Amino acid sequence: MTAVTSDLAVPRDRRAGAWRLTGWLALALLAVGLASLTWGASDASPWVALAKLWQGEALTAVEKVVLLNIRLPRLAMSALVGAGLAMSGAILQGLFRNPLADPGIVGVTSGGTLGAIGAIVLGGLLPLALRETVGTSLVSVAAFVGAWFTTILLYRVATRDGQTSVPTMLLAGIALAALAMAMAGILVYMADDAQLRDLTFWSMGSMAGATWAKVATSLPILALALLASPLISHGLNGIALGEAAAMHMGVEVQKTKTLAVLWVAGATGVAVAVAGAIGFVGIVVPHLLRLASGPDHTPLLPNAALLGAILMISADMIARTIVAPAELPIGIVTAVLGAPVFLWILLRRRGLVGME
Amino acid sequence: MIEAQGITVRLGGRETLHGIDFAAQPGQITAIVGPNGSGKTTFLRALTGELKHRGTVWLNGRATADIPVAELAGLRAVLPQSVRMAFPFTVSEVVRMGLRAGLSAGRDSLILPALDRVGATYLADRPYTDLSGGEQQRVQLARVLAQIWEPVVDDIPRWLFLDEPVSSLDPGHQFLVIRTVRDFAARGGGVIAVMHDLNLTAMMADRITVLKDGRVAANGTAQEVMTEPVLSRVYDCPLRPGRMPAQAMPFLLPQASPLEI
Ligand SMILES: Nc1ncnc2c1ncn2[C@@H]1O[C@H](COP(=O)(O)OP(=O)(O)O)[C@@H](O)[C@H]1O
Ligand SMILES: [Mg+2]
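Chains F and V, in that order, give the protein sequences.
If you read the first sequence in the numbering used here, its first letter stands for residue 1, the second for the next number, and so on.
If you read the second sequence in the numbering used here, its first letter stands for residue 1001, the second for the next number, and so on.
Next comes chain F alone, as it looks inside the complex (with noise of 0.2 Å):
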């Protein structure tokens, strides 16, 4: 055998950085989570209600509703959504080995819709005492179902043979998102409730609604998937080499496969049925991350779900304040940031896409 012939002592190690942007990403979250409690149309403070807290004094009652009932539900489901958005793309991706299936271009986000439309318009033949009991957990539960119905139908129209054709991939994503609107669209159009009439929040999001009943519903689902998620990093990072490979290499890939479509279904599921559909996070997120520390997805999982918390935080403080008093859908401004990094990885990368 020949001798060591490179000077390079040791490979590059990417993943000591990846963990070290863990840390600083951890604190953004915290520092962006306060700006969000100080910042908004009324001007109580939690600066100020700590320093009341800590004084032994009482909080008044603007400072109790508006910190307690209204920033602080909100910021938590903001941090909530943004994760299991981001989380969502980034295993989508590796799933169908494209940094382009994002939960809402793929379609599975309008399955989602289209689950929790049905719920509510079908949950409301439901008895009275039964739909106040089950109320928010059916239509999470329906949303659950209507994306992972939409995952694996694409998953079987897109893949051969452990191969993801992207076009296939891309093409039924836009065909299962209309059909699955129009059929939204139908059930909105029947149901005479006014706030399901809302079809901007089913198409564009909002965390207006936030509510700690909400919070409780889908806190459980995200946390334990968030837990899960070092199962599937390994697999999927098999995965990256073909299913294939992935096999011969020890990844038990069916079960990978399975845990990933139900965790994408989930958390989208989850996200979709507290706060509407909101795009682009699962793309933009995990695309910046592997800029900076690589696409292993052990790093990659986690992070994403802090820079997904992050930057719907972020983008909800500009929903609700930019055009104060009113607001705007989340949505459109999470689609101002990502849709031009959408068209950039498409720029940079045409292969991706079949076109080079």
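If you are wondering where the hints come from, they were derived from the structure by calculation, not from laboratory data.
Small disclaimer: the values here were computed from a predicted structure and weren't measured.
Beta carbons: idealized from backbone N, C-alpha and C, even for Gly.
Please note: incorrect hints may appear among the correct ones.
[What the hints assert, rightly or not] Here are the computed lysine-lysine pairs in the DSS-like style, where the Cα-Cα straight-line distance is at most 25 Å:
1) V:Lys1052 / F:Lys255
2) F:Lys52 / F:Lys64
3) V:Lys1212 / F:Lys257
4) V:Lys1052 / V:Lys1212
[As the list claims (entries may be wrong)] Residues from chain V that face chain F, not an exhaustive set, calculated with beta carbons under 8 Å:
5) Thr1048
6) Ala1073
7) Val1078
8) Val1083
9) Thr1090
10) Ser1092
11) Glu1093
12) Met1097
13) Ala1101
14) Ile1111
15) Ala1124
16) Gln1147
17) Ala1217
18) Ala1218
[Said to hold, decoys possible] Distance ranges between label pairs, derived from CB positions:
19) V:Gly1242 / F:Asp161: 32 to 42 Å
20) F:Trp19 / V:Leu1011: 21 to 31 Å
21) V:Asp1125 / F:Trp54: 50 to 60 Å
22) V:Asp1154 / F:Ala178: 50 to 60 Å
23) F:Arg348 / V:Ala1105: 29 to 39 Å
24) F:Trp344 / V:Glu1224: 21 to 31 Å
25) V:Gly1055 / F:Ala191: 52 to 62 Å
With the hints as your guide, set chain V with the ligands onto chain F.
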């Protein structure tokens, strides 16, 4: 030892392999050759358990279908014909992916020696997606070598399955890779390699299995298999092996004159 009996595969609605019997010994390189589309890749994929098939494959005496994937990954490694990646993993990250199962799990110290075996240490920090086809193939081979670094563990041989490991390489790297693979076999490991170039096959292989139209057309040593009747029939063109005087090793030159072509 690898044994396969009655391997039959259906792909796209038609039968691609028709009951292939096959055997390979550890300590040897067994080459699979044949014309384009004769079923070499399909057969290798069936042997490694990647494709659904009828018939049975035994690896060191155990039916592969009964061995869990994680354990199998410690017994054999597989080099596909080509591997495209969508994400810009660096070369050393790609090789590290091979270090997950069996004895190799977590041994990052194998990355550079494995790259060295294929003359690719200088690529270690480059993004895999930027490499040429030949460079990518060498990096994948390094990953596969790292996965089962020791050819024999506890007296049990480990196996390399290679689909055209040298087809896209320049002559210098072809020799380097062949030497690496020969060394793996010489130290007791088993190698099964789908090959394209008949001269390199003659140089490298201890045994050759020739496939044509999804059947075994011939089977034996280079001297036995690389004869005019066998090759001309299998490849449907006149192929007359010559002999290198010293080793009596067969070699082939294109035989037709420019006018005939
Ligand atoms: N996924 C597939 N679906 C249908 N037919 C296939 C598929 N893969 C290979 N084949 C066919 O099987 C035959 C053998 O292919 P292959 O094993 O790749 O040949 P080679 O000997 O060149 O490696 C060819 O006729 C090929 O067209
Ligand atoms: Mg082939």
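We went through each hint and held it up to the structure:
For the hint linking V:Lys1052 to F:Lys255, the alpha-carbon distance of about 18 Å falls within 25 Å, and the restraint holds. Only pairs whose Cα atoms come within 25 Å are accepted, and F:Lys52 paired with F:Lys64 is accepted, the gap being roughly 12 Å. The suggested pairing of V:Lys1212 with F:Lys257 is violated, with an alpha-carbon distance near 36 Å, which exceeds 25 Å. Of the pairs offered as hints, the one joining V:Lys1052 and V:Lys1212 holds, with about 21 Å between alpha carbons and a cut-off of 25 Å not exceeded.
Hint on V:Thr1048 holds. Least Cβ distance to chain F is approximately 6 Å, under the 8 Å limit. Because the closest C-beta pair between V:Ala1073 and chain F is about 3 Å apart, less than 8 Å, the hint holds. Given the 8 Å rule on beta carbons, the hint for V:Val1078 holds: about 4 Å separates it from the nearest Cβ of chain F. With a cut of 8 Å, the hint placing V:Val1083 at the interface with chain F holds, because the nearest CB-to-CB distance is about 6 Å.
A hinted interface residue such as V:Thr1090 counts as satisfied when its beta carbon comes closer than 8 Å to some beta carbon of chain F; here the least separation is about 7 Å, so the hint holds. With 8 Å as the threshold, the beta carbon of V:Ser1092 comes within range of chain F, its nearest partner Cβ sitting at about 3 Å, so the hint holds. Checking V:Glu1093 against chain F: minimum C-beta separation of about 7 Å stays under 8 Å; hint holds. Checking V:Met1097 against chain F: minimum C-beta separation of about 6 Å stays under 8 Å; hint holds.
Of the supplied interface hints, the one on V:Ala1101 holds, with its beta-carbon coming within about 3 Å of a beta-carbon of chain F, less than 8 Å. The restraint placing V:Ile1111 at the interface with chain F holds, with a minimum CB-CB distance near 6 Å, inside the 8 Å limit. Taking 8 Å as the C-beta contact cut-off toward chain F, the hint placing V:Ala1124 at the interface holds, the least distance being around 4 Å. The interface hint given for V:Gln1147 is met, as the beta carbon of that residue sits about 7 Å from the closest beta carbon of chain F, less than 8 Å.
The interface hint given for V:Ala1217 is violated, since its Cβ lies 27 Å from the closest Cβ of chain F, which is over the 8 Å cut-off. With a cut of 8 Å, the hint placing V:Ala1218 at the interface with chain F is violated, because the nearest CB-to-CB distance is about 28 Å. Separated by about 41 Å at the C-beta atoms, V:Gly1242 and F:Asp161 satisfy the suggested range of 32 to 42 Å. Separation of F:Trp19 from V:Leu1011 is about 44 Å and departs from the stated range, judged on CB atoms against 21 to 31 Å.
Checked against the hint of 50 to 60 Å, the pair V:Asp1125 and F:Trp54 passes, with Cβ atoms roughly 52 Å apart. With their beta carbons about 59 Å apart, V:Asp1154 and F:Ala178 fall inside the hinted range of 50 to 60 Å. F:Arg348 and V:Ala1105 have their C-beta atoms about 35 Å apart, which keeps the hinted 29 to 39 Å range intact. A hinted range of 21 to 31 Å is violated for the C-beta pair F:Trp344 and V:Glu1224, which are about 59 Å apart.
At about 58 Å, the beta-carbon gap between V:Gly1055 and F:Ala191 stays in the expected band of 52 to 62 Å.
When each numbered hint is compared with the structure, violations occur for hints 3, 17, 18, 20 and 24.
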